[in-house]
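Residue-level listing of the chains:
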Amino acid sequence: MASLFKLAYWEALILLIGLFAVVLWKFISGEVALDQLFEGDIKAPEHPDGYSTQVSAGRIQVFWTTLGVAYYYLLQVIHDPTHLPALPDSMVAILAGSHALYLGGKAQAIFLGPLRNLLK
Amino acid sequence: MNNIEFLAGTMLQTSTSTWLASDTIWAIAAYIGLTVIFAIGVVIVVKIAKGIIPINTLLEEHGGGASMSRFQLLVFTFVIAFSLLLVVVHNKDFPKDIPTNVLLLLGISGSTYGVSKGIQASADMPRKGGPSDGNPPKPLGQ
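In the order they appear, the protein sequences are chains A and B. Heads up: the first sequence begins at 1 in the numbering used here, then just goes up one per residue. Heads up: the second sequence begins at 121 in the numbering used here, then just goes up one per residue.
Derived from the structure by calculation, the hints contain no laboratory data.
Below 20 Å or equal to it, Euclidean Cα-Cα: the simulated EDC-like pairs (lysine to aspartate or glutamate) are:
(1) A:K6 <-> B:D213
(2) A:K6 <-> B:D143
(3) B:K212 <-> A:E11
Same shape as in the complex, but just chain B (with noise of 0.2 Å):
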């Protein structure tokens, strides 16, 4: 009956240690990915304040002067991202559904960026600052 009770005892003891071991784990990783995703975003936002990573023709469409759909787009993105996180933060958790009219609020404006660029491509515009204004062509993406 000692033997017994000593076995039973010592698997419960083996478990247990294995269940904290395997948590201590799970939670040093999961604070290793935190902190390296959080680093990898750090650097890009100072890259960005910085002008490393140039992000002054965020809105400029292809013709020149600044784009309706990229603000537009712009202004949806950081919208639903704050309110995705106000969520986040509140329930401490994902919320379960996201609205139909809220994912098609986000195609509407993809979509409209996404045809503006089209309409833009196939009407083949020069683009401003080059030769026709007697200025060197300005390179793409600059």
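Excised from the complex, chain A in its bound form (with noise of 0.2 Å):
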């Protein structure tokens, strides 16, 4: 019964850090493209296609919020790995908050347009 859990933790543990690993590589040899990370298209009539491309403060601070929740998250676990830790209600909070920022920005930004347009 031992040998059996040990090969299925091992195992697990292979694919799991061979997929990682796999994904990883693959972001820094530029495969997969993180380009335009940062950019989100924006209304933008006088364009041909109708949209631009603008570096999007929403995306930045949804990259910075999911980094922090998620090292924090991880921290919590690998310090008390007896169980899944609950996340401080706090957190989610901030994390919903930044998710439904970016995506009330990048709906604006799509139907709407520019905000400085806007509030002319």
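Build the complex from these two chains, which are given one at a time in their own frames, with help from the hints.
Okay, here's the thing in structure tokens:
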């Protein structure tokens, strides 16, 4: 029974780390492109396509919030791997707010155009 | 009296050997199952590594460029999968309960991806690399 569990453990570890390594390698080698990760489309009637691309503050804040929450959660699990730790409510609220801001900004940019044009 | 003892002894021996046999069969089935699942996993990972299963558009959104909603979904998927593996390895058992906030986190992450896709789809944006760029249209999913 112990050897069966050990086999399952090593198999899961090899597969998960293998998949993670392959995905990471494809990021590093540029096969999975991260181009324009911080750039969002924005309505621009003067552009032939009707849209142009700009750096998006919403995307940057989602990126850092995601990395922060992921890092915090991993640290919690590594410190105490007896159970899946619960995230503090405040952190979930920050994450939800961050994502809502990102989605709101994206919808506004795509459907309504730049905020400065709306405020004119 | 001797007959009763003989009968009881025979019954005990039979039930023990049956139990041992079923235990052995279960163990063999478990080893085979694990090996098959591992082999399937290895084949998939190797095919991804060789590019036979392409993942180069893993983060690409419809309009072209990398998608932040896909990126955060990927990060959280890896984090929760790795955390679950650590907990299972430590306890030699699946966690008895999954905290509501963790489910909420996965829900937020997944629904952000869904809503983001919905916004893109309803805007009906042209794909980059399409006719308006002077380039031949890029097939979907490539």
